[in-house]
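Following the hints, put chains B, C and D in place on chain A, whose structure we already have.
Sequence lines, in order, name chains A, B, C and D.
For the first sequence, my numbering gives the first residue as -8, with consecutive numbering after it.
For the second sequence, my numbering gives the first residue as -8, with consecutive numbering after it.
For the third sequence, my numbering gives the first residue as -8, with consecutive numbering after it.
For the fourth sequence, my numbering gives the first residue as -8, with consecutive numbering after it.
It is worth saying that the hints were derived from the structure and are not from the lab.
None of the values given here were measured: they were computed from a predicted structure.
The reader is advised that the hints may include incorrect statements.
Stated by the list, open to error - With a straight-line cut-off of 30 Å between C-alpha atoms, the simulated BS3-like cross-links for lysine-lysine are: (1) Lys155/A <-> Lys81/A; (2) Lys155/C <-> Lys155/B; (3) Lys153/B <-> Lys81/C; (4) Lys28/B <-> Lys155/B; (5) Lys74/A <-> Lys205/A; (6) Lys235/A <-> Lys257/B; (7) Lys7/D <-> Lys19/D; (8) Lys155/A <-> Lys205/D; (9) Lys155/A <-> Lys155/D; (10) Lys153/D <-> Lys153/A; (11) Lys257/A <-> Lys153/C; (12) Lys114/D <-> Lys153/A; (13) Lys32/C <-> Lys205/C; (14) Lys205/B <-> Lys153/C; (15) Lys257/B <-> Lys153/D; (16) Lys257/C <-> Lys153/A; (17) Lys74/C <-> Lys28/C; (18) Lys205/D <-> Lys153/A; (19) Lys19/A <-> Lys73/A; (20) Lys257/D <-> Lys114/B; (21) Lys153/B <-> Lys114/C; (22) Lys155/B <-> Lys205/C.
As the list claims (entries may be wrong) - The following label-pair restraints were derived from C-beta to C-beta distances: (23) Asp286/C <-> Thr9/A: 45 to 53 Å; (24) Arg26/A <-> Asp52/C: 41 to 49 Å; (25) Asn77/B <-> Glu70/C: 52 to 60 Å; (26) Glu123/D <-> Ala82/A: 46 to 54 Å; (27) Thr9/C <-> Arg243/D: 33 to 41 Å; (28) Ser280/A <-> Glu152/D: 32 to 40 Å; (29) Asn77/D <-> Asp286/B: 33 to 41 Å; (30) Thr9/C <-> Glu240/D: 33 to 41 Å.
Glycine included, every Cβ here is placed at the ideal spot set by N, Cα and C.
Listed below are the residues making up each chain.
4 protein chains.
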Amino acid sequence: MEIRTDLALEATAMHKETEGVESRFEEKDGIRIDRIKISGKEASQRVGKPCGNYITITVRDLSDNDTEDYEAVCMCVAEELKKILNIEEKASVLAIGLGNEHITADSIGPKCVKNLLVTRHIKEMMPEEIDESVRSVSALAPSVMAFTGIETSEIVRGVAEKTKPDLIIAVDALASRSMSRLGKTIQIADTGINPGSGVGNNRRELSEATLGVKVIAIGVPMVVDALTVALDAMDATGATEDEKRVFFETYRRMEPTGGDMVVTPKDVDSLSDQSARIIANGINLALQSALGREDIDRYNQV
Amino acid sequence: MEIRTDLALEATAMHKETEGVESRFEEKDGIRIDRIKISGKEASQRVGKPCGNYITITVRDLSDNDTEDYEAVCMCVAEELKKILNIEEKASVLAIGLGNEHITADSIGPKCVKNLLVTRHIKEMMPEEIDESVRSVSALAPSVMAFTGIETSEIVRGVAEKTKPDLIIAVDALASRSMSRLGKTIQIADTGINPGSGVGNNRRELSEATLGVKVIAIGVPMVVDALTVALDAMDATGATEDEKRVFFETYRRMEPTGGDMVVTPKDVDSLSDQSARIIANGINLALQSALGREDIDRYNQV
Amino acid sequence: MEIRTDLALEATAMHKETEGVESRFEEKDGIRIDRIKISGKEASQRVGKPCGNYITITVRDLSDNDTEDYEAVCMCVAEELKKILNIEEKASVLAIGLGNEHITADSIGPKCVKNLLVTRHIKEMMPEEIDESVRSVSALAPSVMAFTGIETSEIVRGVAEKTKPDLIIAVDALASRSMSRLGKTIQIADTGINPGSGVGNNRRELSEATLGVKVIAIGVPMVVDALTVALDAMDATGATEDEKRVFFETYRRMEPTGGDMVVTPKDVDSLSDQSARIIANGINLALQSALGREDIDRYNQV
Amino acid sequence: MEIRTDLALEATAMHKETEGVESRFEEKDGIRIDRIKISGKEASQRVGKPCGNYITITVRDLSDNDTEDYEAVCMCVAEELKKILNIEEKASVLAIGLGNEHITADSIGPKCVKNLLVTRHIKEMMPEEIDESVRSVSALAPSVMAFTGIETSEIVRGVAEKTKPDLIIAVDALASRSMSRLGKTIQIADTGINPGSGVGNNRRELSEATLGVKVIAIGVPMVVDALTVALDAMDATGATEDEKRVFFETYRRMEPTGGDMVVTPKDVDSLSDQSARIIANGINLALQSALGREDIDRYNQV
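Only chain A is shown next, with the shape it has when bound in the complex (with noise of 0.2 Å):
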């Protein structure tokens, strides 16, 4: 009767106790910053998320429009990137935008990219145009498997191959198992990433393992599954265990809507792109060192 969820935040939640578990947090002008550590193959099964560090990073909402809030969650996400990336200033990054751009909702990766400070053609090809300093980057948003018929995790190893970054980067919106996140959070991990998830289906991972480098998954929550509001709403009115795993079933069966609704806020659209436009703003300060706060939002297309 697990509901998905793709924020170790909430995955752990149950296992706070558990060994292989730890987790700490800190809060400084209105952000909370928690830190898990998730480590051990045991650890690892029981809450369901590699091992691994996730940063998930909580504000009052993303959507605000408050210049200085606004720009105190950009450089929060450029801090923690830096922190977690950890790469030598030579190092090559190329950054995935998942999602499909056609759902408001799945469109935080591929509109993400779209602001980044790209740069890895002019440092091959015209080396004498660009300051030395500034780091190789390039961007890819894949598309979805509906369009392309392919794996996007093949697109990304084919394309990786090709260009051998030192470092991927990968942008996706995620799944909560709570509405009370959404709009609020961002997680960063270093465990790469499972679009869609679920166990044992490596092909579609992207990580360390299946990348032959590092890579480092942001995403923000954008749905929770549908199921989510009937749980929550039994548990209001006190339902057994036994009574909510007959809905359960029931649910999942239901054809052909069951398994296959998500719950989204209604202001979606300002969502996915005030989200898309904070994780490009974290991303490229963390990258370049010669930009700073006054550079937010000078690589906006419109």
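This is chains B, C and D only, laid out in the frame that chain A set:
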């Protein structure tokens, strides 16, 4: 504890025996057509829908790619529109594509009007270039208030006063009470439309009362209120009306998510694309007497 | 043998000594500002432009990514707009984004209005949510006649009559006479706009005469008539006026290409994106007195 | 003083008598088909095109909305593709949509692949869901180097190595030497493609030599170099070769506009939309033997 539905078929479900509510249906080639007529103030108030005729076309799957089924539903929409339009050969039509094109689930209206055969400017400026039998059709996608700062109805009223169409067709994404209707239903009504609905909010209404010409509304349910899933779950476990009411109150107060969440199918992009195509074909065929089944998809934009 | 130009700076180039044509310029921080005033019917007819004030801002390169230059041109547009707008603090503004968003070279208007701070609906419906000093701004991208079947001016007139703005700002892509101006020039005029121009076609004009309120036009040249290159070439080789006239006649008769070809820069996408951003920033800063240089790009959409 | 053309028909115009250049044509139903074969290194160098077969389909107007003409050209593209593809029933195909979707004149490739029937993932993962006779087709729109930082050919090579198609079809917008060809011509070649062309730039080539599988290129001329108009004008007035050369040199040095300007038709949006649809239909019909004239436009996306 009412959950919003834009479908008369759902709104009247519990009022079938009410005086002033007539309903009948027919079935042909796998397509079911329900015809509901609401007459009299009392029936209208009880059901919560304006007086008039509502036609609900139900198919197995609007996203279905089978050519025969697809053409059958296009032809069916055209036939039903022709009957309910009931206009002279020379009457001019203004089509309005309501909704926010940047939210996939809300984009049917704008997508649909792109695929209409627009002729008004040719008839007015180069009448010799076009067959006399071609009807004058204009089209407008007025966007949404968050982008324009203007009530959509004000924009439509302003344009209608200048262009003086004999009839208006408004295309919109609808909210249903039931997940099982998403992707299966098209509703046509001769009552006009009240975007966002709400009682007594006359300003926002697109209807003969506010625009001075008959307004035909055509829409496809694309979302259900997230609360639906919760109440369905509670029903499934035999919750009492009181328990449901308590949950309902709590849910509506939840901030910021309670009333601002919607459920959509995961493949909302192909569903909205296909629905927009079907309705556009239906309108083109209904308005231009020279077009037939062989002209389906002829005016699609890429 | 006139080639169309929307720039008063070009149209007046050969009429500088004409009575009724005043021009002066200044230069600051690498930005040149030409101020042309056309007064009197005779001067207007000779130049082929309505009476009024025309401000031409010339920069080295609008696509330039240098932060300082970019902000300087945004601030310059804002300053010039403020002066020419000359409106009360409480005056309301309707911004119109003219053009076809599906043609890159014609998309500045629609792209620009997306990035405006739109406030009218908040001021009207939730005045307590917004600072009193915020100006009421609404925005409309009326698309083009090929899609709507309606003259753009009719749509604007209809909406203006309903919403009664105190002033209209119209943003559009312009045609220049010279390739060397593409990507370097912004024109602001207090004369309104005549999309597609043409003498005596009053219906299409957006001006105080047709709309009842002052219309400020702001645009960027994005295309030149393909004929320009030909005539320049003939000049270069010392062709006589007669030879040029013969070619001109032949060219205009060429079917279907003669008069329907335009020249654009290869990087028309980044030029139109950047121009739209600059103008949007200029308008936002000019209309909202509380905004300053630090708010540049704050309202960009992804 | 060569002006770039991607059309073999134009490149061979002055070399018809050259050994190694064969050409013949046929005409049917208002469609003309030119077949050019270039063989031998010498002919190839003189013409400036790789050895191979070039088919040029010329119609009255690609934007024409007449159903019969439209279907005829779709069927013609399908027939010619079938002949030149010459592949086994089970051979798999990867379609590449080259170009920048944000520049209307360069958007044919990305627009075209959206409308392809993509089947590879279904055949690989759910073979039981799909008729055995359906061919495996995948599709990729690799964007352009300015956005990715990666040579398009590197992306294609990487993906082709992972997915191992038996054949590649590359769709692209072309440059013509003559304005009168815009909107009237489709070229199919079995030589692969060299985006941006240029001699000796092997890295950018998409061909059997670089990808290991046959590459069929299909394109539509959408732009001509702005210089064309100038040289045509000089010809018209009897300028000498020397005069033309002087102008040519001057023009190429003009900054920043000289070599960076292209001529496009004003209705470039409908031309690129319609061209993309025709090519997509041609590819779908050529690749899937079960499809016929009645399936034209069946896979269009809105």
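Evaluated hints:
no., hint, verdict
1, Lys155/A <-> Lys81/A, "holds, 13 Å"
2, Lys155/C <-> Lys155/B, "holds, 20 Å"
3, Lys153/B <-> Lys81/C, "holds, 28 Å"
4, Lys28/B <-> Lys155/B, "holds, 28 Å"
5, Lys74/A <-> Lys205/A, "holds, 14 Å"
6, Lys235/A <-> Lys257/B, "holds, 23 Å"
7, Lys7/D <-> Lys19/D, "holds, 23 Å"
8, Lys155/A <-> Lys205/D, "holds, 26 Å"
9, Lys155/A <-> Lys155/D, "holds, 20 Å"
10, Lys153/D <-> Lys153/A, "holds, 11 Å"
11, Lys257/A <-> Lys153/C, "holds, 28 Å"
12, Lys114/D <-> Lys153/A, "holds, 27 Å"
13, Lys32/C <-> Lys205/C, "holds, 19 Å"
14, Lys205/B <-> Lys153/C, "holds, 20 Å"
15, Lys257/B <-> Lys153/D, "holds, 28 Å"
16, Lys257/C <-> Lys153/A, "holds, 28 Å"
17, Lys74/C <-> Lys28/C, "holds, 15 Å"
18, Lys205/D <-> Lys153/A, "holds, 20 Å"
19, Lys19/A <-> Lys73/A, "holds, 18 Å"
20, Lys257/D <-> Lys114/B, "holds, 22 Å"
21, Lys153/B <-> Lys114/C, "holds, 27 Å"
22, Lys155/B <-> Lys205/C, "holds, 26 Å"
23, Asp286/C <-> Thr9/A: 45 to 53 Å, "holds, 47 Å"
24, Arg26/A <-> Asp52/C: 41 to 49 Å, "holds, 45 Å"
25, Asn77/B <-> Glu70/C: 52 to 60 Å, "holds, 58 Å"
26, Glu123/D <-> Ala82/A: 46 to 54 Å, "holds, 48 Å"
27, Thr9/C <-> Arg243/D: 33 to 41 Å, "holds, 37 Å"
28, Ser280/A <-> Glu152/D: 32 to 40 Å, "holds, 34 Å"
29, Asn77/D <-> Asp286/B: 33 to 41 Å, "holds, 34 Å"
30, Thr9/C <-> Glu240/D: 33 to 41 Å, "holds, 37 Å"
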